[in-house]
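Engineer: Given next are the chains, with one letter for each unit.
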Amino acid sequence: MSRYLIPLMILGVLAIFFARGLTLNPGYVPSPLIGKEAPSFKLPRLKDPSLTLGSEDMLGKLSLLNVWATWCVGCRQEHQYLNELAQNNVIPIYGLNWKDDRVAAVNWLNTLGDPYVASAFDGDGRVAIDWGVYGAPETFLIGQDGSVIYKHIAPLTNEIWEMEFLPLIQKHCQKFSCSSGDLE
Amino acid sequence: MTYRSNFLIMISCAALMTSIVWAIDAEPELESPTLQARYRLLINEIRCLVCQNQSIADSNAPLASDLRREVREMITGGSTDKEITTFLVARYGDFVLYRPPFNARTWVLWGAPLLFLGVGFLVFVRILRVRGNQPIDEGEGM
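So the sequences go chain by chain: A and B. Sequence positions in the first sequence follow the working numbering and run 1 to 184. Sequence positions in the second sequence follow the working numbering and run 1 to 142.
Since the hints were made in silico from the structure, they are not lab data. In this text the structure is predicted, and so the values were computed from the model without any measurement. Relax, there's no trap hidden among the hints.
Example chain B residues on the side facing chain A (calculated, C-beta under 7 Å, incomplete):
hint	residue
1	Leu49
2	Val50
3	Arg91
Only pairs whose alpha carbons sit at most 30 Å apart, straight line, appear in this in silico DSBU-like list of lysine-lysine:
hint	chain 1	residue 1	chain 2	residue 2
4	B	Lys82	A	Lys36
5	A	Lys42	A	Lys151
6	A	Lys61	A	Lys171
7	A	Lys151	B	Lys82
8	B	Lys82	A	Lys42
9	A	Lys42	A	Lys175
10	B	Lys82	A	Lys99
11	A	Lys151	A	Lys171
12	A	Lys99	A	Lys36
13	A	Lys36	A	Lys151
14	A	Lys47	A	Lys61
15	A	Lys36	A	Lys61
By construction, the Cβ of each residue, glycine as well, lies at the ideal position given by its N, Cα and C atoms.
From just these sequences and the hints, can you work out the full model?
Structural biologist: Written out as structure tokens, the structure reads:
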């Protein structure tokens, strides 16, 4: 009997490792920015390059920073949901237009709707590197103190909003007491 | 088709592929050969997060090219290798390095080979013992 013990134990350990390893999503790399101050930036706005958009503009309220581009298929998938969030005034959404063509990007917002308070134009992707962006769409939840609360990689859906974002927002608002307009 | 012409086609395909490999980093070499050598070493140690089994030296993803530009600029700007890896880890996490540092999150990763070596050694010793206890002419030769 004991001769089977060791192989069985090894099998057990392997099973645990595989059960964990094979169910993880290798495309999801946790961000080291969570809980830290959001990287500061200042970029020309997408629609009006004479104006700037920066991390300072996002202070004082809970907000989202959504990294998007017209070449990004997932961005198109989530766009309708972002429109809904904006129409219902759930939370202010700022855009980071990542390595995109300005004309194409403005055109996209004009045809699909513009859910953003404003979008920053990051043509050479330097700000995106500071934010550790690697795969659009990415959505950061930013606290009113300018800290990164959460990062979601992949298209945003109502399900993800309710399962992942809302509990964090509630927890954050218990600590920092959000003003009534911040969220539903 | 003869073997010979097949062979020629294979060779030319291989030749075409190498030209693609060389074209990934389209930037001219750095002026100083020492800096260029450091640059080559570094970009082979940094993982491209878009195509995770390639280094940023091997990947033609736009992000890889942006990160190569970043490394290049930091090297010419006088940053040390340590400063560059710290810069990248602060943004992308330990995963961006092919050789992540030994810490609370990575000790299993670094320790596992030693553990397996130990287990293998124990099994080996056990087998030797079992065999050693058997009379020689009755041994089955596991």
